[in-house]
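Trainee: What follows is the residue order along each chain.
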Amino acid sequence: MGSVGKDIAHDSAVGHVSGESIYIDDMAFAKNELIVDFYASPVANGKIVSIDLTRASNVPGIVGLYTHKDIEGHNKFGPIIADEYLLAEEKVEFIGQPIVVIAGETRKAVLAARKVIDVKIDVLEPTLTIDQSIARKQYLAEPRFIKRGDVDAGFAEADHILEGRFISGGQDHFYLEGQAAIVYPGEYDNLVVHSSTQHPSEVQEVIAHVLGLQQNQVVCITKRMGGGFGGKECQATHPACMASLVAHKTKRPARIVYNKDDDMSFTGGRHPFQNDYKVGFTKDGVITALKTDLYTNGGAANDLSTAVLGRAMTHADNAYFIANAHINGYACKTNLPPNTAFRGFGGPQGVVNIENIMEEIALFLGKDPFDVRSANCYGIEERNTTPYGQIVYNNLLPALLKKVAETSDYKNRLEAVKKFNQTSKTHLKGISITPVKFGISFTTKFLNQANAMVLIYKDGTVLVSTGATEMGQGANTKIRQLVADEFAIDPNMVIMAPTATDKNNNTSATAASAATDLNGSAAVDACVKIRQRLAECAANYLSSDGAGISPSPSHIVFADGNVFDKRRPDKKLTFAEIVSAAYHERINLGERGFYATPGIDFNWKTGVGQPFLYYTQGAACSEVLIDRFTGELKVVRADLWMDIGKSINPGIDRGQITGAYIQGMGWVTTEELRRSEDGVLLSHSPTTYKIPNVQDMPRVFNVDLFDNDKNDVNIKGSKAVGEPPFLLAISVWTAVKQAIASVSKEAAQKLKLPATNEEIIMCMATSKKSALASAKQTKA
Amino acid sequence: MTYKISRRRFGQLAIATSALAALYEYNFAKSNIQALAKQSPAWQGGNIPKLTKVNVNFQVNGTKQAVEVDSRMSLLDCLREKLKLTGSKKGCDHGQCGACTVMVNGRRINSCLTFACMHEGDEITTIEGLAKDGNLHPMQEAFIAHDGFQCGYCTPGQIMSAVALLSETCGKQDSDVAECMSGNICRCAAYPNIVAAIQEVRKGKVNASL
Numbered sequence: 001m002g003s004v005g006k007d008i009a010h011d012s013a014v015g016h017v018s019g020e021s022i023y024i025d026d027m028a029f030a031k032n033e034l035i036v037d038f039y040a041s042p043v044a045n046g047k048i049v050s051i052d053l054t055r056a057s058n059v060p061g062i063v064g065l066y067t068h069k070d071i072e073g074h075n076k077f078g079p080i081i082a083d084e085y086l087l088a089e090e091k092v093e094f095i096g097q098p099i100v101v102i103a104g105e106t107r108k109a110v111l112a113a114r115k116v117i118d119v120k121i122d123v124l125e126p127t128l129t130i131d132q133s134i135a136r137k138q139y140l141a142e143p144r145f146i147k148r149g150d151v152d153a154g155f156a157e158a159d160h161i162l163e164g165r166f167i168s169g170g171q172d173h174f175y176l177e178g179q180a181a182i183v184y185p186g187e188y189d190n191l192v193v194h195s196s197t198q199h200p201s202e203v204q205e206v207i208a209h210v211l212g213l214q215q216n217q218v219v220c221i222t223k224r225m226g227g228g229f230g231g232k233e234c235q236a237t238h239p240a241c242m243a244s245l246v247a248h249k250t251k252r253p254a255r256i257v258y259n260k261d262d263d264m265s266f267t268g269g270r271h272p273f274q275n276d277y278k279v280g281f282t283k284d285g286v287i288t289a290l291k292t293d294l295y296t297n298g299g300a301a302n303d304l305s306t307a308v309l310g311r312a313m314t315h316a317d318n319a320y321f322i323a324n325a326h327i328n329g330y331a332c333k334t335n336l337p338p339n340t341a342f343r344g345f346g347g348p349q350g351v352v353n354i355e356n357i358m359e360e361i362a363l364f365l366g367k368d369p370f371d372v373r374s375a376n377c378y379g380i381e382e383r384n385t386t387p388y389g390q391i392v393y394n395n396l397l398p399a400l401l402k403k404v405a406e407t408s409d410y411k412n413r414l415e416a417v418k419k420f421n422q423t424s425k426t427h428l429k430g431i432s433i434t435p436v437k438f439g440i441s442f443t444t445k446f447l448n449q450a451n452a453m454v455l456i457y458k459d460g461t462v463l464v465s466t467g468a469t470e471m472g473q474g475a476n477t478k479i480r481q482l483v484a485d486e487f488a489i490d491p492n493m494v495i496m497a498p499t500a501t502d503k504n505n506n507t508s509a510t511a512a513s514a515a516t517d518l519n520g521s522a523a524v525d526a527c528v529k530i531r532q533r534l535a536e537c538a539a540n541y542l543s544s545d546g547a548g549i550s551p552s553p554s555h556i557v558f559a560d561g562n563v564f565d566k567r568r569p570d571k572k573l574t575f576a577e578i579v580s581a582a583y584h585e586r587i588n589l590g591e592r593g594f595y596a597t598p599g600i601d602f603n604w605k606t607g608v609g610q611p612f613l614y615y616t617q618g619a620a621c622s623e624v625l626i627d628r629f630t631g632e633l634k635v636v637r638a639d640l641w642m643d644i645g646k647s648i649n650p651g652i653d654r655g656q657i658t659g660a661y662i663q664g665m666g667w668v669t670t671e672e673l674r675r676s677e678d679g680v681l682l683s684h685s686p687t688t689y690k691i692p693n694v695q696d697m698p699r700v701f702n703v704d705l706f707d708n709d710k711n712d713v714n715i716k717g718s719k720a721v722g723e724p725p726f727l728l729a730i731s732v733w734t735a736v737k738q739a740i741a742s743v744s745k746e747a748a749q750k751l752k753l754p755a756t757n758e759e760i761i762m763c764m765a766t767s768k769k770s771a772l773a774s775a776k777q778t779k780a
Numbered sequence: 001m002t003y004k005i006s007r008r009r010f011g012q013l014a015i016a017t018s019a020l021a022a023l024y025e026y027n028f029a030k031s032n033i034q035a036l037a038k039q040s041p042a043w044q045g046g047n048i049p050k051l052t053k054v055n056v057n058f059q060v061n062g063t064k065q066a067v068e069v070d071s072r073m074s075l076l077d078c079l080r081e082k083l084k085l086t087g088s089k090k091g092c093d094h095g096q097c098g099a100c101t102v103m104v105n106g107r108r109i110n111s112c113l114t115f116a117c118m119h120e121g122d123e124i125t126t127i128e129g130l131a132k133d134g135n136l137h138p139m140q141e142a143f144i145a146h147d148g149f150q151c152g153y154c155t156p157g158q159i160m161s162a163v164a165l166l167s168e169t170c171g172k173q174d175s176d177v178a179e180c181m182s183g184n185i186c187r188c189a190a191y192p193n194i195v196a197a198i199q200e201v202r203k204g205k206v207n208a209s210l
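Residue numbers (this note's numbering), protein chains in the order written: chain A, 1 to 780; chain B, 1 to 210.
Read the hints as simulated data drawn from the structure, not as lab findings. Note that beta-carbon positions come from the ideal geometry of N, C-alpha and C, so glycine has one too. Incorrect hints may have been included.
[What the hints assert, rightly or not] Every beta carbon over 12 Å from chain B, so not counted as near; a handful from chain A, in silico:
{"id": "1", "residue": "228"}
{"id": "2", "residue": "411"}
{"id": "3", "residue": "632"}
[What the hints assert, rightly or not] Simulated pairs of lysine-lysine, DSSO-like, Cα-Cα distance not exceeding 27 Å:
{"id": "4", "chain 1": "A", "residue 1": "425", "chain 2": "A", "residue 2": "403"}
{"id": "5", "chain 1": "A", "residue 1": "31", "chain 2": "B", "residue 2": "84"}
{"id": "6", "chain 1": "A", "residue 1": "120", "chain 2": "A", "residue 2": "69"}
{"id": "7", "chain 1": "A", "residue 1": "745", "chain 2": "A", "residue 2": "137"}
{"id": "8", "chain 1": "A", "residue 1": "147", "chain 2": "A", "residue 2": "91"}
{"id": "9", "chain 1": "A", "residue 1": "419", "chain 2": "A", "residue 2": "750"}
{"id": "10", "chain 1": "A", "residue 1": "403", "chain 2": "A", "residue 2": "278"}
{"id": "11", "chain 1": "A", "residue 1": "6", "chain 2": "A", "residue 2": "291"}
{"id": "12", "chain 1": "A", "residue 1": "47", "chain 2": "A", "residue 2": "147"}
{"id": "13", "chain 1": "A", "residue 1": "690", "chain 2": "A", "residue 2": "529"}
{"id": "14", "chain 1": "A", "residue 1": "605", "chain 2": "A", "residue 2": "690"}
{"id": "15", "chain 1": "B", "residue 1": "172", "chain 2": "A", "residue 2": "6"}
{"id": "16", "chain 1": "A", "residue 1": "425", "chain 2": "A", "residue 2": "752"}
{"id": "17", "chain 1": "A", "residue 1": "425", "chain 2": "A", "residue 2": "91"}
{"id": "18", "chain 1": "A", "residue 1": "147", "chain 2": "A", "residue 2": "283"}
{"id": "19", "chain 1": "A", "residue 1": "278", "chain 2": "A", "residue 2": "690"}
{"id": "20", "chain 1": "A", "residue 1": "115", "chain 2": "B", "residue 2": "53"}
{"id": "21", "chain 1": "A", "residue 1": "31", "chain 2": "B", "residue 2": "82"}
{"id": "22", "chain 1": "A", "residue 1": "634", "chain 2": "B", "residue 2": "172"}
{"id": "23", "chain 1": "A", "residue 1": "646", "chain 2": "A", "residue 2": "403"}
{"id": "24", "chain 1": "A", "residue 1": "605", "chain 2": "A", "residue 2": "291"}
{"id": "25", "chain 1": "B", "residue 1": "82", "chain 2": "A", "residue 2": "251"}
{"id": "26", "chain 1": "A", "residue 1": "31", "chain 2": "B", "residue 2": "53"}
{"id": "27", "chain 1": "B", "residue 1": "84", "chain 2": "A", "residue 2": "251"}
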């Protein structure tokens with residue numbers, strides 16, 4: 001009886017509910033520990049004229065002030081393109097760009113010094129928007145293309161052609177635990193870094209690079225994060241580097257913790273997109289050609305922008321077959337903090353573009369958008385190849401669409417919504433179904449590797465370490481289940497060690513939803529090797545003492561915490577007993593495992609490849625209720641269906657699905673990053689930036705897992721789950737669009753994302769049939 | 001501390017957790033800034049406000065505590081930095097996220113929005129004070145049973161709010177619980193499970209009050 005497939009509690013469950021779980025800033029202060037902060041650029045674009053640290057250095061308790069001149073290694077780095085400076089040199093390119101690192105005895109001293117650092121900057125006009133970037137021809141990298149078929153022929157074949165622009169906004173990660181790191185200096189310039197990061201290996205590598213150390217001199221440890229969502233994939237590196245600089249210079253422990261306002265203002269988030277499209281379709285709504293230009297606001301440095309753009313492009317089809325497609329991608333360079341990974345990694349932005357197009361086609365033809373979606377959906381045997389050449393195997397999209405329409409009673413509710421909108425003077429309703437097809441694997445081939453270390457101790461307990469970091473998503477719990485099942489032992493016999501670069505080297509970020517896929521597979525690889533050795537040992541042991549059988553490892557069975565020979569099942573050893581016996585027989589009880597995702601690659605020169613091992617799929621039906629006078633929006637009901645293969649832990653996966661959907665609701669409705677003309681983020685705390693709260697969750701919320709035992713390419717037939725359900729929330733946005741369309745098509749066409757209350761009311765107010773206009777009519 | 005907990009379909013689970021805190025000597029910056037200021041003639045003053053030290057006595061999780069604090073130290077900072085009770089979390093430090101929720105004389109408050117020195121004689125309960133005699137509080141068990149968390153950072157605040165809710169006026173419906181829990185945000189959005197956990201405890205016959 002294994003634990004895979006069971007709802008075992010999260011690895012840190014007891015610690016989380018008792019308050020004993022340790023996050024970075026919960027670690028006790030070490031002797032002589034220093035507090036680290038930084039002076040950040042107050043302007044989005046400018047030339048540094050002078051930096052005067054005199055007053056700051058005289059603040060009592062200040063131990064060190066460091067500029068780029070104090071960096072002994074390299075000041076410049078970046079995960080894809082080395083275009084980021086740890087500390088600004090001649091120019092500043094975004095608000096929040098670190099200029100001076102401050103180290104002091106107390107937080108008060110550090111804050112006091114921060115106020116009196118005198119940096120003179122010649123302010124230049126900032127580039128903040130995509131339009132400005134296009135006008136000034138400022139790009140982070142060369143444009144990218146995916147082309148299939150002949151779009152001109154496709155447009156010629158079309159009965160109708162629509163052109164338009166779609167705008168989606170950014171999103172702050174709003175992990176509740178801010179960016180944080182503590183660094184302990186050791187002998188010979190070695191450093192031990194505790195970082196709240198999704199990518200310990202990158203933190204290690206960049207610290208070594210910046211300080212001029214060898215990578216083997218830096219150990220990065222990550223026990224857990226108080227939320228990551230992509231925000232700690234690359235951008236945890238900067239605070240860790242700043243604290244490391246201080247620890248390296250002073251030989252004292254150094255702690256840095258961003259407060260919420262600084263974190264929101266100074267770090268990047270989800271990429272805003274502005275997409276132009278031209279779509280040709282038949283009178284039945286079947287797309288014959290699509291040409292779309294995706295422009296993303298990457299911010300001041302590339303960070304992961306080109307990869308995010310790539311995923312947006314490979315998701316510009318979502319669930320739909322487009323015979324003739326021309327998808328272009330442009331990464332715009334602006335003066336915003338560099339935008340970075342965020343759950344979905346460009347996927348949501350690519351998908352919402354085509355979902356908006358589906359709505360536009362349906363509006364134009366006066367059809368039910370569900371029927372337009374169904375007509376364009378990828379087929380099973382034909383019409384099943386993506387624009388980049390990957391075949392959609394194990395395609396459950398038509399089945400998922402059918403299923404969600406049935407269980408949500410879509411057709412009847414659609415009629416009820418129409419009737420409601422005809423009669424209600426105060427409210428509007430909208431209902432919409434959208435599917436999701438999300439590709440699993442890093443689109444950069446070499447990142448799709450993982451290693452794991454499995455150690456068995458003499459009492460039969462197991463310690464596992466992998467490159468997966470834990471941010472609440474339950475990767476550690478799932479890996480623990482996988483390991484326990486390999487030895488047929490209780491998961492309580494297995495402990496997951498903190499992620500650390502001295503145990504697992506050259507790891508990839510915990511990202512792309514693939515932490516369990518990659519690291520779980522690597523851990524199982526190690527287990528299989530050890531189990532083989534244990535089986536050989538057990539075969540000898542169990543065939544001795546006149547059992548009358550010859551030793552045969554292939555007859556050895558691990559089950560229910562015991563080990564026995566199939567031919568003599570009465571004679572059982574406990575797992576601890578066979579481990580102890582193996583130890584005394586001098587058998588190696590530790591192993592490294594490795595996994596590299598097979599058969600994936602992508603060529604950006606041709607725009608063709610097989611970037612994904614498989615697709616996680618789903619579909620959702622959302623119904624919204626809108627106050628016509630205030631624009632206030634409620635999601636009254638949501639029905640979600642996800643195909644996540646054979647779930648390793650259905651309880652944890654269900655949490656990922658509901659959590660991702662609600663977080664996606666925030667992106668498409670309430671979360672708006674509003675900036676001043678100078679680029680200052682105005683919505684930089686929960687007072688002005690509205691993430692969903694408990695009252696925003698759908699009043700009726702049905703979440704179901706779709707049976708699929710055919711995903712034989714991934715560990716135990718499971719599928720990745722972290723990001724895909726985020727995209728189901730796009731159905732909330734399309735439902736809003738439909739609700740508005742019931743008043744005015746023209747108003748619905750203007751709707752941007754996020755559909756905040758203000759956005760909704762402004763869209764409707766500009767329409768002749770607005771609520772206010774109809775209210776006047778009612779009065780008259 | 002070892003807690004006995006039960007969980008659906010998983011039998012008894014006992015997990016020992018050890019406080020990492022013990023590994024490091026706690027030595028929160030004791031530097032006397034005023035004294036340093038006198039030694040630093042170049043410092044013009046005015047940047048660091050003059051400190052007023054205040055002695056405050058209160059009970060935290062049933063234990064009497066006498067601490068000397070800066071008069072402007074929040075209760076949250078006092079708990080975390082002076083008393084080493086790091087279970088209460090600092091999320092926004094503005095009273096908007098609820099991660100720092102504790103109970104003072106049985107009522108829940110945002111500990112980041114109140115000064116430590118205002119609590120002379122008060123009885124304060126933090127997440128560390130909920131478990132009794134090695135047994136988790138029913139609300140803590142319910143949060144485990146229902147996966148009422150993901151990353152865990154907001155969880156202490158959620159649970160303190162949830163326990164306080166039990167002795168407040170709150171309707172029976174899930175929507176009533178949502179209203180009463182609206183001051184605690186969760187970015188992982190474990191909301192459905194949090195509400196389910198709270199409802200289980202409210203419907204249960206166990207004495208779930210403090």
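Trainee: Compare the structure with each hint and give your call.
Mentor: Each hint, compared with the structure:
1. 228: Check fails; 8 Å does not lie beyond 12 Å.
2. 411: holds (27 Å)
3. 632: Residue 632 of chain A clear of chain B: closest Cβ-Cβ about 15 Å, beyond 12 Å.
4. A:425 with A:403: violated (33 Å)
5. A:31 with B:84: Within the cut-off at roughly 15 Å; holds.
6. A:120 with A:69: holds (17 Å)
7. A:745 with A:137: violated (34 Å)
8. A:147 with A:91: This hinted pair is violated, its Cα atoms lying about 39 Å apart.
9. A:419 with A:750: This hinted pair holds, its Cα atoms lying about 24 Å apart.
10. A:403 with A:278: Violated - the C-alpha atoms of residue 278 of chain A and residue 403 of chain A are around 31 Å apart, more than 27 Å.
11. A:6 with A:291: violated (46 Å)
12. A:47 with A:147: Distance ~41 Å between residue 47 of chain A and residue 147 of chain A Cα, so the pair is violated.
13. A:690 with A:529: violated (50 Å)
14. A:605 with A:690: violated (41 Å)
15. B:172 with A:6: violated (31 Å)
16. A:425 with A:752: holds (24 Å)
17. A:425 with A:91: violated (56 Å)
18. A:147 with A:283: holds (24 Å)
19. A:278 with A:690: violated (34 Å)
20. A:115 with B:53: It holds: about 24 Å lies between the C-alpha atoms, which stays within 27 Å.
21. A:31 with B:82: holds (15 Å)
22. A:634 with B:172: With Cα atoms ~21 Å apart, residue 634 of chain A and residue 172 of chain B stay inside 27 Å; holds.
23. A:646 with A:403: holds (18 Å)
24. A:605 with A:291: holds (18 Å)
25. B:82 with A:251: This hinted pair holds, its Cα atoms lying about 25 Å apart.
26. A:31 with B:53: holds (23 Å)
27. B:84 with A:251: holds (25 Å)
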